[in-house]
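**Q** Here is how the chains run, residue by residue.
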Amino acid sequence: MHSKADHFKENSRRQLGDATLQQNMRRFGGRFAQARAVAMEELPDLEALRDQAAAIRDRSLYQLDEWLLRFEAQAKNAGITVHWAATGAEVNRIVLEIAQAADVRKVVKSKSMVSEETGLNEALIGAGLHVVETDLGEYILQLAEEPPSHLIAPALHKNVEEVADLFAAHHHTPRQTDIPSLCREARVQLRPHFLDADMGITGGNFLIAETGSVVLVTNEGNGRMVTTLPRVHVAITGIEKVLPTLDDLTTLLKLLPRSATGQSITNYVSLLTGPRHDDEREGPSQSHIILVDGGRSEVLGTALQPALRCIRCGACMNHCPVYQNIGGQAYGWVYPGPIGAILTPAYLGLDQARDLPQAATLCGACEVVCPVRIPLPALMRELRQQSVQQGLRPWRERLGVRLWHWLALHPRSYRWFSRVLIWGLSKMANAQGMVTRLPGLDGWTQGRDMPAPQGASFHSLYRKTSRKTS
Amino acid sequence: MISSRDLILQRIRARLHGAVIHDDTIDPQPTSVLPAPSLEVLRQRFMDKASALGSMVHLVPTRDAVPTILENLLQELELPLQAVCWPALAPWLDQHHTRLNLFFRPAEPADAVGVTGCHCAIADTGTLVLRTSALTPGSVSLLPETHVALVSEEDLVSDMKASWRHLAREPWARSVNFVSGPSRTADIEQTVVIGAHGPARVIILLYGSAP
Chain A
1 MHSKADHFKE
11 NSRRQLGDAT
21 LQQNMRRFGG
31 RFAQARAVAM
41 EELPDLEALR
51 DQAAAIRDRS
61 LYQLDEWLLR
71 FEAQAKNAGI
81 TVHWAATGAE
91 VNRIVLEIAQ
101 AADVRKVVKS
111 KSMVSEETGL
121 NEALIGAGLH
131 VVETDLGEYI
141 LQLAEEPPSH
151 LIAPALHKNV
161 EEVADLFAAH
171 HHTPRQTDIP
181 SLCREARVQL
191 RPHFLDADMG
201 ITGGNFLIAE
211 TGSVVLVTNE
221 GNGRMVTTLP
231 RVHVAITGIE
241 KVLPTLDDLT
251 TLLKLLPRSA
261 TGQSITNYVS
271 LLTGPRHDDE
281 REGPSQSHII
291 LVDGGRSEVL
301 GTALQPALRC
311 IRCGACMNHC
321 PVYQNIGGQA
331 YGWVYPGPIG
341 AILTPAYLGL
351 DQARDLPQAA
361 TLCGACEVVC
371 PVRIPLPALM
381 RELRQQSVQQ
391 GLRPWRERLG
401 VRLWHWLALH
411 PRSYRWFSRV
421 LIWGLSKMAN
431 AQGMVTRLPG
441 LDGWTQGRDM
451 PAPQGASFHS
461 LYRKTSRKTS
Chain B
471 MISSRDLILQ
481 RIRARLHGAV
491 IHDDTIDPQP
501 TSVLPAPSLE
511 VLRQRFMDKA
521 SALGSMVHLV
531 PTRDAVPTIL
541 ENLLQELELP
551 LQAVCWPALA
561 PWLDQHHTRL
571 NLFFRPAEPA
581 DAVGVTGCHC
591 AIADTGTLVL
601 RTSALTPGSV
611 SLLPETHVAL
621 VSEEDLVSDM
631 KASWRHLARE
641 PWARSVNFVS
651 GPSRTADIEQ
661 TVVIGAHGPA
671 RVIILLYGSA
681 P
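Residue numbers (this note's numbering), protein chains in the order written: chain A, 1 to 470; chain B, 471 to 681.
Chain B extracted, bound-state conformation (with noise of 0.2 Å):
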């Protein structure tokens, strides 16, 4: 007996034999000529962009004074100085003496706050893009209420496009995931309501290159 896969390619084929293939005088991806925009622009860009789809911004100097302010964020937002973290961070945020209570493995269901970083942020559209593995588990980003993602200016991209030339420079992850803002839903009555299944708040710290 044939099977299912050689059955549809035989009906494929037998369908598209002698059809007239498409005059393919647009193409489909024109190249752009635009020139790479200024770390200032795509800073802007990206803060705009984030912030209109709920994701908290804030700007951080340097990447030194980064857990000094993800503690008064946390207690100003009245959340436990506790949070689960990618354990890429262990090397950098370990080193910093603060009353922040810090793990660093895949998330578990009562972790309230989930600490990570990013591949690249994409300026166009207030994106994350996060990659998973071993020491980038998607859980961090995805159960905890409080999504914090830690973006160095240096991993803007301008759009989508060219943040698969920055992916392509590792091995192709399990998943990869664009985050843009906490999770939403509007599926009654079309009314948008912030926090479904995922993450209710993102806050994005955005550190400067300066040491």
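Okay, chain A solo, but in the shape it has when bound (with noise of 0.2 Å):
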């Protein structure tokens, strides 16, 4: 997918000023965080729990090259050939051979973000294959032709007259605007496409080194189909998702569901560990993994590493309010929210995403909330460092920082500056003794106004009671 990461100011300003788009972000507002902290109430060692699931996630990051190398060789025990991929360009040119050697034709894909990140989806159409997305949310998207805006509810930001009007648009079929017979209609339109589609493309939720597995984490059956039906199987997968045993993925089953929708367990959990048995009537007859690097090597031993930790619940930008105002598509890629913030930069480069770590308060909701416990405002904090470091930021910023930096070392000039200061805002101030533009700062004054520095300032004052004290 092309990053438009580098415009994320540009970005947000459209999301803020669209007023379809907050309002469906005010409907979307504190759902996803409601129905999980009801679901962790159902654990009574929560935090054990998450100190479990963290210390499991590092066990396979800092023994990658072993386990990686064991899920390989249980893979190939299984019959799945398994596929290594540097780059994203590399994901898609697989892919595409793998298509053209079984004479593919038609797509269908459950949803997978690493082929996001590489734009799989136009390489393949490019090359005229018929590619169909089924999760519903994706399927939305690929109609409305817009990025996923959401880790697990990718049309989060779609209401339901946006979709009744690409359904029919889509469709011909008469426009309906109830949720259940819209879900209904794409149950019937997508039927068939699994049906007969040659190749079934998913991601991974999680792979298995201790039997080579492949772990779909879904609710619609749509992982089940893709996965069944067509004659080949790509499962695409970032190096980073693999866990040693089924007993760390029972230990992440239980906070997943929970961390994403609230739910105790997923409508379904599929183990898939190669192609159709000798004697079996369906199933893929080809299995293949692509085990994607796409810049996570390189976190790797980095201050960033817990980053990689990440199990994609989205429970960070659920509980984010940077997020919650600005969608997920303000942040130009294909993570959003305060692990997008982090992931971006990190896989992309930080001059690709300046703005990214800048794009929170650091409220710390995410780290509360985040069951693998990566502690994502430090790393934002660590990022934002790196990029002074390499100077990254814009000059007015480099400036300004300077200045006040001088100004803190010399203490009779900080004591002029700030009386001018205090003079000039009590000038500008109005009536009611707010300030209501700052210029320069016109982005902090339009949603609100500055109170006018009243009265004396604590070094007068200071001054002042010292000397009648004494």
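Just so you know, the hints here were simulated from the structure itself, not pulled from any lab data.
Please note that the accuracy of each hint is not assured.
Over 10 Å on every C-beta distance to chain B, these chain A residues come out as not near it, computed from the model [said to hold, decoys possible]:
| hint | residue |
| --- | --- |
| 1 | A73 |
| 2 | A78 |
| 3 | L96 |
| 4 | A168 |
| 5 | S297 |
| 6 | E298 |
| 7 | S413 |
| 8 | K427 |
| 9 | M428 |
| 10 | S460 |
Now the in silico label distances, taken between C-beta atoms and shown as ranges [claimed, not checked]:
| hint | chain 1 | residue 1 | chain 2 | residue 2 | range |
| --- | --- | --- | --- | --- | --- |
| 11 | A | E42 | B | A638 | 21 to 31 Å |
| 12 | B | G678 | A | E97 | 23 to 33 Å |
| 13 | B | A638 | A | E97 | 52 to 62 Å |
| 14 | A | R13 | B | Q552 | 34 to 44 Å |
| 15 | B | V662 | A | R191 | 15 to 25 Å |
| 16 | B | N571 | A | R191 | 20 to 30 Å |
| 17 | B | D534 | A | D278 | 28 to 38 Å |
| 18 | B | H566 | A | T250 | 35 to 45 Å |
| 19 | B | L529 | A | L16 | 51 to 61 Å |
| 20 | B | G678 | A | R281 | 40 to 50 Å |
| 21 | A | P174 | B | A638 | 27 to 37 Å |
| 22 | B | Q514 | A | A78 | 32 to 42 Å |
| 23 | A | A169 | B | I472 | 44 to 54 Å |
Because the structure is a prediction, the values reported are computed rather than measured.
Each residue gets a CB set at the ideal place from its N, CA and C atoms; glycine is no exception.
Mind assembling these two chains? They're in different frames, but the hints should get you there.
**A** What follows is the structure in structure tokens.
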């Protein structure tokens, strides 16, 4: 996917000005957060479980090469062809080669964020293949030609009227506006595609090293469809998704659905281990897995490594006040919200997403809910520090900080400057004592007024009082 | 030219070399010391959880009563008295004389009802554990709008961890599916709608071990 992450300010300004989007984001509100809170009450030992989950993910990451090799050996044993892709372009090339060798015409996809990273759909469509997204949210976005705005509810920013318009225009059916009918319509439209597709493409929520399995965690059943009906299955997932054992999976599955949608378990959890057996009459006859680096290995061993623990539940964005206002598409690439503010610069380079680590109030809600205890605010601060060190901040900001630095070291000038500033601000205040516009900082005053400073400064008060008392 | 596989492994090793290995004081899997719950507890918990997730659970006193109950149920729900079944169920269901028209094969698009057994069932989450094989094709629990699962009380386990031990008794299947209720989506305005791509109705006949 082509990144627009370096235009974060324009993106978010546009999203904030979009009345429909703002209304849709208000409706989204705290629904996921509420559901999560209720579901977590079922777990008496939540904090201990989060410790375990973080430890499991760290164990995978600190010996990532060994677990990947173990996974590869077991997967090969089960008849899976294992591919490794260093870049997104390589992922697309491998999928196209598999498709061409197997004479594939139609591809059905279940949700895969990694394929969004690589821009797989465009590559496949460009090569003349018919590609159909089958997750309802992804299907809506395919019709709308838009990128996803949330990890687990990709069309969260669309309302029912918008979906009704899209379906009526693309299905040439009477427009219906109740949600169950629209879901039914999608089922009816997509069923034939499942039945006559040649290839099914999925992501992978986890890889299990001890069995060589790909794990899919889904609700709609489309993940099962695309791995049961087409004759070729390709799973695409990041190298960091490997877990050593099935017991590790058990622990993480207690947290993933609860953190994501507030479900104690999703409707389907599927462990896929290879192609159909000789005596089976269904299931893919070819099974492939593509292990994708795409910038992940460069994050290992750095201060940002904890971000690789992420299990893509979306809780951080569901609790983020910034995300809830600007929506996922403002982040400009595949991963929105707090985790996106880390992963996008980590995978694409900080110079490609300079403003994302700034897109936070550092309120810390994301860290409090993260099931694998990623210290998101600390990682954002780390990236902020790196962007200063690499000289990536705008000149006005650098100049401002430099001036402040000099003033703070020169108390006499500091006092003189603050007197001038107080005088200036009180001159700018209106009758109610509020400053409504600050030149150069109008972004700040657009939505609120600043009270003008009143009375004397702390320094002068202190001097006055200490003279009196001495 | 170096392969991507070697390149990726090389990068990982270079990055992790000299990295401080995390203090492993937290045992990722503390062993549970709880005794296995009684059958009554398991049964009740399974029924509560499965019902909460939208499955319809019916208790059937004996295994022999299952075919008649199935027939009555399909009639009550105004479904055709016709179903696709796991071939593994043929020796059991075929010997009973009912008005049911049963086909023992993988599911086809026109099948309205699919009947399966289950490998084991998890009480903690109300989950059916299904393994695919020639005799237990996955499509039977996926394509039909109504999925009926025949579950023996003897196959109830407490949690997912216990189900791994159960599964390890047989060779690993191509696909192991944990099914917890009818398929659903909340992708439009976060409104939960039952019946997405998989079955819209899951009926569980939980039968006892009495002869």
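**Q** Tell me, which hint numbers fail for this structure?
**A** Hints 2, 5, 6, 12, 13, 14, 20, 21 are the ones this structure does not satisfy, whereas the remaining hints hold.
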